[in-house]
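Novice: For reference, the chains in residue letters:
2 protein chains.
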Amino acid sequence: MIEGVILTPLKKICGDKGSVFHGIKSSDKGYAGFGEAYFSTVNYGDIKSWRKHKKMTLNLIVPVGEIKFVLYDSRISGKSRGRTFSVIIGDGNYCRLTIPPQVWMAFEGVGKGLNLLLDVANFEHDPEEEERAEIEEFPYE
Amino acid sequence: MIEGVILTPLKKICGDKGSVFHGIKSSDKGYAGFGEAYFSTVNYGDIKSWRKHKKMTLNLIVPVGEIKFVLYDSRISGKSRGRTFSVIIGDGNYCRLTIPPQVWMAFEGVGKGLNLLLDVANFEHDPEEEERAEIEEFPYE
Chain Z
8 MIEGVILTPL KKICGDKGSV FHGIKSSDKG YAGFGEAYFS TVNYGDIKSW RKHKKMTLNL
68 IVPVGEIKFV LYDSRISGKS RGRTFSVIIG DGNYCRLTIP PQVWMAFEGV GKGLNLLLDV
128 ANFEHDPEEE ERAEIEEFPY E
Chain U
8 MIEGVILTPL KKICGDKGSV FHGIKSSDKG YAGFGEAYFS TVNYGDIKSW RKHKKMTLNL
68 IVPVGEIKFV LYDSRISGKS RGRTFSVIIG DGNYCRLTIP PQVWMAFEGV GKGLNLLLDV
128 ANFEHDPEEE ERAEIEEFPY E
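Chain order of the listed sequences is Z and U.
Quick note: the first sequence uses the working numbering, first residue 8, plus one each step.
Quick note: the second sequence uses the working numbering, first residue 8, plus one each step.
Same shape as in the complex, but just chain Z:
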C-alpha cells in the first residue's frame, strides 16, 4: 500500500423504502477537515488522467457504479516512493478511499451505467494547488 492511503469498508443499510449508505464522519480515520463536497462522473471505459493535489486530502466514495482508481507515489521522502496501487470501488466493493496530498491519482469508469464519485475534500477546489499529467507519464495498470 502507498503510505497515507486508506481503504475503509463502508456499510449499506437496506430498508423497505430505500437504503442508507455510510459516507464519512468527522470522527473517521482519514477525515482531514471539510472544504468541499462535489461529485464527478466518469463514462464507461474513459480514463480521467493523472492529477495530484499539493495540499488537499481526498476522501472518495462511489455510491453508484464502479470506478477504478490507480495511484502512483512520486514523493521523494516516502517509504512507498515509486509504488503504484489500484482498486475498484463502488457497487461490488463499497469502500472509502482516502488519498493524501502529493499522491498521483487517475480513475476509470468500470460500470456500464452511471459511475458516480463523491469527493469530500478538506479544501475548496483551487486549480492552483492541482497538477495534471498525461496518462503515459506514470505506470497505469
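There's no promise every hint is true.
Identical copies carry no separate label here, and so any pair may be met within one copy or between two of them.
[Stated by the list, open to error] For lysine-lysine, the following DSSO-like pairs were computed, each having C-alpha atoms within a straight-line distance of at most 27 angstroms:
(1) K36 / K18
(2) K62 / K19
(3) K19 / K61
(4) K32 / K75
(5) K18 / K119
(6) K62 / K86
(7) K86 / K75
(8) K62 / K32
(9) K62 / K24
(10) K86 / K18
(11) K24 / K75
(12) K61 / K18
(13) K36 / K24
(14) K61 / K86
(15) K19 / K32
(16) K61 / K24
(17) K32 / K119
(18) K119 / K24
(19) K36 / K86
(20) K86 / K119
(21) K86 / K24
Hints in this document: simulated from the structure, not taken from any laboratory.
Given the structure of chain Z, go ahead and fit chain U onto it with the hints provided.
Specialist: What follows is chain U alone, placed relative to chain Z:
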C-alpha cells in the same frame, strides 16, 4: 418560505469523459460545519415520513433521480410557524436544500429509477437528537 430554509441552485459542468456536479463548499451560505456525509435512497412513490432534528442542520443534494421534500414548521417562536414548503430537487432542478434544526421534513421518491440523496450534516448521526412522526401528523401536500 420557511425561516432558515435555503434553496441554492447548483452547477453541473459537463465534460467529454464525464461531469462535475457541485455540492457544498465551506464558504457557501447554509454551510453549518461538518459532522457526517451519508447517502439515502428512496424508492419511486415511497414516502419516508416526518423527521425533525433538534440540533442538526441538513444540507441535501440529489445527484441522481428526483426527490420531493415537504417541510413543516412547528417552531413556537418563528415567523413561519404552521407554514409548509415543498420542492422537487434532482435531475430537473439541481439545487441544494438547507434545512435548519427543528423543522419537520418528509421526502418521497419521484424518479422511476434510482433516487439518491446526499446529506452533508453538521453533526454525526445520533438517534437521540432526531424525532419521528407519522405522515398524518402534519400537512403533507
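Novice: Would you mind marking each hint as holding or not holding in the structure?
Specialist: Checked hints:
1. Taking CA atoms no more than 27 angstroms apart as the test, K36 paired with K18 passes inside one copy only; the shortest distance there is 15 angstroms, against 30 angstroms between copies.
2. For a Cα distance limit of 27 angstroms, the shortest separation of K62 from K19 across copies, 25 angstroms, qualifies, whereas the shortest one inside one copy, 31 angstroms, does not.
3. With identical chains, the CA atoms of K19 and K61 are at most 27 angstroms apart between copies only, with a shortest distance of 25 angstroms across copies and 32 angstroms within one.
4. Taking CA atoms no more than 27 angstroms apart as the test, K32 paired with K75 passes in both settings, with 23 angstroms inside one copy and 26 angstroms between copies.
5. When the C-alpha separation of K18 and K119 is checked against a cutoff of 27 angstroms, the pair qualifies both within a copy, at 23 angstroms, and between copies, at 25 angstroms.
6. Taking the shortest alpha-carbon separations for K62 and K86, only the intra-copy value of 19 angstroms comes in at or below 27 angstroms, while the best inter-copy value is 44 angstroms.
7. Proximity of K86 and K75 under a CA criterion of 27 angstroms is satisfied intra-copy only: 24 angstroms inside one chain copy versus 50 angstroms between copies.
8. In this homomeric assembly, K62 and K32 come within 27 angstroms of each other (Cα to Cα) both inside a single copy, at 20 angstroms, and across copies, at 16 angstroms.
9. In this assembly of identical chains, K62 and K24 lie within 27 angstroms of each other by CA distance solely across copies; the values are 25 angstroms between and 40 angstroms within a copy.
10. Taking identical chains as interchangeable, the C-alpha atoms of K86 and K18 are never at most 27 angstroms apart, the minima being 31 angstroms within one chain and 40 angstroms between chains.
11. Within a single copy, K24 and K75 get their C-alpha atoms only as close as 30 angstroms, which misses the 27 angstroms cut-off; across copies the closest is 14 angstroms, which meets it.
12. In this assembly of identical chains, the alpha carbons of K61 and K18 lie at most 27 angstroms apart only when taken from different copies (25 angstroms versus 31 angstroms within one copy).
13. Proximity of K36 and K24 under a CA criterion of 27 angstroms is satisfied in neither setting, with 31 angstroms inside one chain copy and 31 angstroms between copies.
14. In the homo-oligomer, the alpha carbons of K61 and K86 lie at most 27 angstroms apart inside one protomer (18 angstroms), although the nearest pairing across protomers, at 47 angstroms, exceeds that limit.
15. Proximity of K19 to K32 under the C-alpha cut-off of 27 angstroms is found in both arrangements, the shortest distances being 15 angstroms within a copy and 26 angstroms between copies.
16. Only between protomers do K61 and K24 lie at most 27 angstroms apart by alpha-carbon distance; the minimum there is 24 angstroms, versus 42 angstroms within a single protomer.
17. Taking identical chains as interchangeable, the C-alpha atoms of K32 and K119 are never at most 27 angstroms apart, the minima being 30 angstroms within one chain and 30 angstroms between chains.
18. Taking the closest pair of Cα atoms, K119 and K24 come within 27 angstroms of each other both inside a single copy (26 angstroms) and across two copies (13 angstroms).
19. Taking the shortest Cα distances, K36 and K86 sit within 27 angstroms of each other inside one copy (20 angstroms), while across copies they are farther apart (42 angstroms).
20. Taking CA atoms no more than 27 angstroms apart as the test, K86 paired with K119 passes in neither setting, with 37 angstroms inside one copy and 49 angstroms between copies.
21. In this assembly of identical chains, K86 and K24 lie within 27 angstroms of each other by CA distance neither inside one copy nor across copies; the values are 47 angstroms within and 34 angstroms between.
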